[in-house]
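Participant: One letter stands for each residue in the lines below.
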Amino acid sequence: MLIKIAKPSDLRESDVTPESVYLSRRRFMGGMAGLGAGLALSGRARASADYSDVPDGDAPDWLEEKLGAARRRAIVPDDPETDAIAPFRDASGYNNFYEFGTGKSDPARHADGLETRPWSVVIDGEVNNGGRFALEDLARPSRFEERIYRLRCVEAWSMVIPWLGISLADVIRRAEPTSKARYVRFETLVDPEQMPGQRSSFSLIDWPYVEGLRLDEAMHPLTLLALGMYGRELPNQNGAPLRLVVPWKYGFKSIKSIVRISLMEEQPVNSWQRIAPEEYGFYANVNPEVDHPRWSQATERRLPNSLFNPNTLDTRMFNGYADEVAELYAGMDLRKHF
Amino acid sequence: MAAQRKWQLWRVGVFLAALAPLLLWSWQVASNTAGPEPGRYLLLNIGLGGLWMLLLTLSLTPLTKLTRWKGFALIRRQLGLWTLAYACLHVLSYALFILGLDWAMLGSELIERPYILVGLLALIGLVALGATSNRWSMRKLGKRWKPLHKLAYPILGLILLHFFWGVRADLGEWTLYATVSALIMATRLPPVARSLPRVRQRLTGV
Numbered sequence: 001m002l003i004k005i006a007k008p009s010d011l012r013e014s015d016v017t018p019e020s021v022y023l024s025r026r027r028f029m030g031g032m033a034g035l036g037a038g039l040a041l042s043g044r045a046r047a048s049a050d051y052s053d054v055p056d057g058d059a060p061d062w063l064e065e066k067l068g069a070a071r072r073r074a075i076v077p078d079d080p081e082t083d084a085i086a087p088f089r090d091a092s093g094y095n096n097f098y099e100f101g102t103g104k105s106d107p108a109r110h111a112d113g114l115e116t117r118p119w120s121v122v123i124d125g126e127v128n129n130g131g132r133f134a135l136e137d138l139a140r141p142s143r144f145e146e147r148i149y150r151l152r153c154v155e156a157w158s159m160v161i162p163w164l165g166i167s168l169a170d171v172i173r174r175a176e177p178t179s180k181a182r183y184v185r186f187e188t189l190v191d192p193e194q195m196p197g198q199r200s201s202f203s204l205i206d207w208p209y210v211e212g213l214r215l216d217e218a219m220h221p222l223t224l225l226a227l228g229m230y231g232r233e234l235p236n237q238n239g240a241p242l243r244l245v246v247p248w249k250y251g252f253k254s255i256k257s258i259v260r261i262s263l264m265e266e267q268p269v270n271s272w273q274r275i276a277p278e279e280y281g282f283y284a285n286v287n288p289e290v291d292h293p294r295w296s297q298a299t300e301r302r303l304p305n306s307l308f309n310p311n312t313l314d315t316r317m318f319n320g321y322a323d324e325v326a327e328l329y330a331g332m333d334l335r336k337h338f
Numbered sequence: 001m002a003a004q005r006k007w008q009l010w011r012v013g014v015f016l017a018a019l020a021p022l023l024l025w026s027w028q029v030a031s032n033t034a035g036p037e038p039g040r041y042l043l044l045n046i047g048l049g050g051l052w053m054l055l056l057t058l059s060l061t062p063l064t065k066l067t068r069w070k071g072f073a074l075i076r077r078q079l080g081l082w083t084l085a086y087a088c089l090h091v092l093s094y095a096l097f098i099l100g101l102d103w104a105m106l107g108s109e110l111i112e113r114p115y116i117l118v119g120l121l122a123l124i125g126l127v128a129l130g131a132t133s134n135r136w137s138m139r140k141l142g143k144r145w146k147p148l149h150k151l152a153y154p155i156l157g158l159i160l161l162h163f164f165w166g167v168r169a170d171l172g173e174w175t176l177y178a179t180v181s182a183l184i185m186a187t188r189l190p191p192v193a194r195s196l197p198r199v200r201q202r203l204t205g206v
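These protein sequence lines map, in sequence, to chains A and B. For the first sequence, counting from 1, position 223 maps to 223 in this note's numbering; every step adds exactly one. For the second sequence, counting from 1, position 96 maps to 96 in this note's numbering; every step adds exactly one.
Same shape as in the complex, but just chain A (with noise of 0.2 Å):
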């Protein structure tokens, strides 16, 4: 798997004007004198029409703005054909988020009244420049990029997505890291109201969840904290407004509307590995030779699928990412490290 990462001064594909852009002169005219006039929302093209069934969003102005201003397909697979984009619908109906419950459908049905706005995240711990941030404040001096990953889910499903988003390197830096900060924690909103899955006694969860990095994987320029997918502002079943998306690793990782992040010089105790240590690690990188206890993690069944072809693929260390992050592992015994 080649995955080009640009240098910031390389032309992209992206930076190509389209040729429907091009052709419709009224239209990139509309959207010139729509920038021109600071408002750029009447004139220009919702970056939601390059998918077919993708329902509006309802952003604030600002992030209509950058997600509409976003680099186009800044990384996509390279072989366009197998991972094919996954409809909407299916990434937007089939969740796990069990803040909404733990049915593949119970977030899409519980999560439409979360309240997202206003939303602010909390940056703290080992950091020279912390505080409260609006999300505003936090996503808009960050060039917004759609990158094209697969997901990989621990339950060996997965989907391929397009995200908008910014680097959380970029996030990172802002908030000026001490010398001492060596890992990076993130906290899910608890709010039992709003997310009837915390209100279940039966829950093995402790919430927040809560999930971790280290500081070199936060800083991987594939780690980004997405804002948006398919065009628009993410629904709230996919972890809006703010989420983690770390494609090398399982999907639980990428951790949902994130209220806190802490940079701390102890590795956190991500949720999954409090609940069940033996079965899930603090890495979960994607490794098809490291079996998850109670089933094989060889192969993924690639969806959609249909009845009668399970789309069964075998599964790609490191998630396919391994030429551009494998030597952030170099040396480790990843058996141990799982």
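Honestly, the hints are just simulated from the structure, not real lab data. No experiment lies behind these values; they were computed from the predicted model shown. Cβ atoms here follow ideal geometry from the backbone N, Cα and C, with glycine treated the same way. The reader is advised that the hints may include incorrect statements.
Derived coverage of chain B by chain A (criterion: at least 3 residues anywhere in the stretch with Cβ under 8 Å from a Cβ of chain A; other residues may be distant) [as the list claims (entries may be wrong)]:
{"#": "1", "segment": "28 to 37"}
{"#": "2", "segment": "140 to 150"}
{"#": "3", "segment": "171 to 177"}
Just so you have them, the derived chain B footprint on chain A, three or more residues with Cβ under 8 Å [to be verified]:
{"#": "4", "segment": "123 to 135"}
{"#": "5", "segment": "201 to 207"}
Got chain A; can you put chain B on it based on the hints?
Facilitator: For chain B alone, coordinates are given in the frame of chain A:
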């Protein structure tokens, strides 16, 4: 004659009600509203449906004792066979939609997922009960028929274990089924079983 017709209608009604979920799920798959993993959708729903059937079957005896209504006893064999049918369809869904008939994968699956073996044991038990559910077997087995069919109890245990093993993070649903199972089984404890007719008398005054 009219009474006979009434019981026949009752049996047909139960048959249709037990069939309905299968038709509903099939229709959802056919109309593309069963989500991105239709095979798994069928697998899980049919599996849970089978547990429902077994729990319903096992609740008929205590219900009969409680109400003396003849209708419950009349559908016991039918619901028992529905349990078997759901279990077979559950395994068939697994073989067709999850394994994709890749039998080489089955070997590794059985080692990786011990709960599949537990489910298989339960299925073998259900087949044994289904095969001996006819009158001929009842006559042939005589006194041994009843103890044989008490295998339904350990089968329920195996199914709950099979279910429990697959749970990832929230035991709520499983706990609900386990509690209902425990209640149904508790009605078979001799002191409770003896008191059921008395409860009926107190409730109805008959």
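Participant: Now look at each hint and say whether the structure bears it out.
Facilitator: We went through each hint and held it up to the structure:
no. : hint       : result
1   : 28 to 37   : holds (count 4)
2   : 140 to 150 : violated (count 0)
3   : 171 to 177 : holds (count 4)
4   : 123 to 135 : violated (count 0)
5   : 201 to 207 : holds (count 5)
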